[in-house]
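Q: Sequence:
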Amino acid sequence: MRIIAGRARGTQLLAPKGMDTRPTQDKVKESLFSMIQWDIPEACVLDLFAGSGALALESISRGAREAVLVDKSREALDCIRRNIAKLRVEEQTTVLPCDWEQALPQLSRSGKRFDLVFLDPPYRMTDLGSICRRMQELSLLAPDAVLVLEHRTGVEPVMPEGFVLFKERTYGETQIHFYRWEALPHES
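According to this note's numbering, the sequence shown is numbered sequentially starting from 1.
Bear in mind the hints are in silico, worked out from the structure with no lab data behind them. What you are looking at is a predicted structure, and each value in this text was computed from that prediction instead of being measured. Be aware that a few hints might be false.
Keeping only pairs whose Cα atoms sit at most 25 Å apart, straight-line, the calculated SDA-like set for lysine to any residue is [what the hints assert, rightly or not]:
| hint | residue 1 | residue 2 |
| --- | --- | --- |
| 1 | Lys167 | His177 |
| 2 | Lys17 | Thr174 |
| 3 | Lys29 | Arg109 |
| 4 | Lys86 | Glu42 |
| 5 | Lys86 | Ser139 |
| 6 | Lys112 | Leu77 |
| 7 | Lys112 | Val28 |
| 8 | Lys29 | Val164 |
| 9 | Lys29 | Val158 |
| 10 | Lys86 | Glu66 |
| 11 | Lys167 | Pro16 |
| 12 | Lys72 | Met35 |
| 13 | Lys167 | Arg134 |
| 14 | Lys27 | Arg9 |
| 15 | Lys112 | Thr174 |
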């Protein structure tokens with residue numbers, strides 16, 4: 001697993017061992033980033049199930065302004081911190097050692113709004129729409145934010161109003177849906 005493009009191109013990343021974390025394959029990551037490349041420069045990024053931190057760190061390498069990486073696994077957090085140090089991006093990253101339900105209110109209290117969000121939870125989690133709804137309720141999404149949802153093929157996310165699907169790709173048992181947040185009139 002490596003950084004594919006940008007200033008840290010070619011840097012090898014560490015990944016947690018075991019089956020709890022499912023790193024995004026390089027070919028999938030390359031395709032994913034080619035589809036959102038224009039949304040990355042100067043973006044504020046949220047990686048909610050960060051694992052190794054590869055998606056957030058790829059974004060930083062490609063010009064994102066900052067990234068918040070959330071994970072509750074001790075082993076994943078160790079990998080994330082080591083990968084951040086390896087890329088020397090401590091000033092651009094924040095690591096939250098908790099689950100998404102604790103992280104979202106904390107981020108809301110800090111006033112953060114995200115331009116790009118990665119949701120790549122364990123495949124046993126199937127209700128990604130409720131996570132998106134919670135981000136919406138807590139005003140965590142910037143206007144026109146892009147959300148990238150990675151999940152098991154055939155488990156379609158049920159998204160709340162305001163999230164518009166603009167791309168969808170399937171790679172074997174992995175499916176990725178790309179949504180754009182279009183704030184509802186009363187939320188502008």
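Q: Can you list which hints this structure breaks, lowest number first?
A: 3, 5, 7, 11, 12, 15
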